[in-house]
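Number of protein chains: 2
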Amino acid sequence: MITAKVKWAGDMQFIGQSGTGHAMVMDANPDFGGYDSGMRPMELLLIGLGGCSGMDIVSILKKKKQDIRGLEIKVNAQQAEKYPKRLTEISIEFIVKGKSLSEEAVKRAVELSMEKYCSVKATLEHSAKIIHSYKIENVD
Amino acid sequence: MITAKVKWAGDMQFIGQSGTGHAMVMDANPDFGGYDSGMRPMELLLIGLGGCSGMDIVSILKKKKQDIRGLEIKVNAQQAEKYPKRLTEISIEFIVKGKSLSEEAVKRAVELSMEKYCSVKATLEHSAKIIHSYKIENVD
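Protein sequences appear in the order of chains X and G.
Residue numbering for the first sequence follows the working numbering, beginning at 1 and increasing consecutively.
Residue numbering for the second sequence follows the working numbering, beginning at 1 and increasing consecutively.
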């Protein structure tokens, strides 16, 4: 079971505490009565998607003895126009940096995460169409 | 458009930065090579759900001139047993504290969030069955 508690801290500020004991602040835009002191709740879905797939890809590339030096993940999403404005489309791009990386290994790691392992992707894809891509940047 | 970037910080640590400019650390359990220095990516989905619905409920109760003094939200979720272990069931409980709160107003605020406004709920419900409940604690 995964658990979390969220507590109102006044105005639009909320403190989220995860079952593993970590806390963070969420807040709204000033247009909605917030102070922009923390992330918007919907942004957490995108960050979770990036973290989940990133962990998979690093693990897989390390198992494949790839000399990975960096990984950046860009996530962009569209919402429905009308309330409740669910996520409808997500694009996720992986920029993998390393030394003499095998393109085949990177491609396979991305595919394994997206198709087999990433729980956040497997959850969000029931609402949003998720498109993934990758770039390899070999360093000296 | 909602955007986020996630950057690998070594081992299983990832830094998520939201499009609104806020950052947080994600990490894995030591069993998976992590240091437990931050939240698990899947926990973010639950925290986002709590924050999203919490903002709705506070806004609605304030518009209804209710004297709300506190709001706590407990979120528990089940995953599928097999990979990719998507979310299959979520329970969310709202504990609303206030002075002379109208049960009808609280009930309606929870319903409006769950059925009409909360974008995170509207996204996750395509993967998981979401059950909500509430408790009212009137203070002197």
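Errors might be hidden in some of the hints.
Given that identical chains are not distinguished, each listed pair holds provided it fits within a single copy or across any two copies.
Here are the computed lysine-lysine pairs in the DSS-like style, where the Cα-Cα straight-line distance is at most 30 Å [claimed, not checked]: (1) LYS5 <-> LYS97; (2) LYS116 <-> LYS62; (3) LYS129 <-> LYS99; (4) LYS65 <-> LYS97.
Because the hints were derived from the structure by calculation, they are not lab data.
In this text, all values refer to a predicted model and were calculated from it rather than measured experimentally.
**Message:** Within a copy, between copies, both or neither: which one fits LYS129 and LYS99 at a CA-CA cutoff of 30 Å?
**Reply:** Close neither inside one copy (32 Å) nor across copies (44 Å); limit 30 Å.
**Request:** Classify it for me, LYS65 with LYS97: is the Cα-Cα distance of at most 30 Å met within a copy, between copies, both or neither?
**Result:** Result: close within a single copy only, 14 Å intra versus 54 Å inter.
**Homomeric proximity label, LYS116 with LYS62: Cα distance no greater than 30 Å** = Within. Shortest intra-copy distance 17 Å satisfies the 30 Å Cα cut-off; inter-copy 44 Å does not.
**Request:** Please work out whether the CA atoms of LYS5 and LYS97 approach to 30 Å or closer within one copy, between two copies, in both situations, or in neither?
**Result:** The answer is between: 15 Å across copies meets 30 Å, while 36 Å in one copy does not.
Checked against the numbered hints given earlier, this structure breaks only hint 3.
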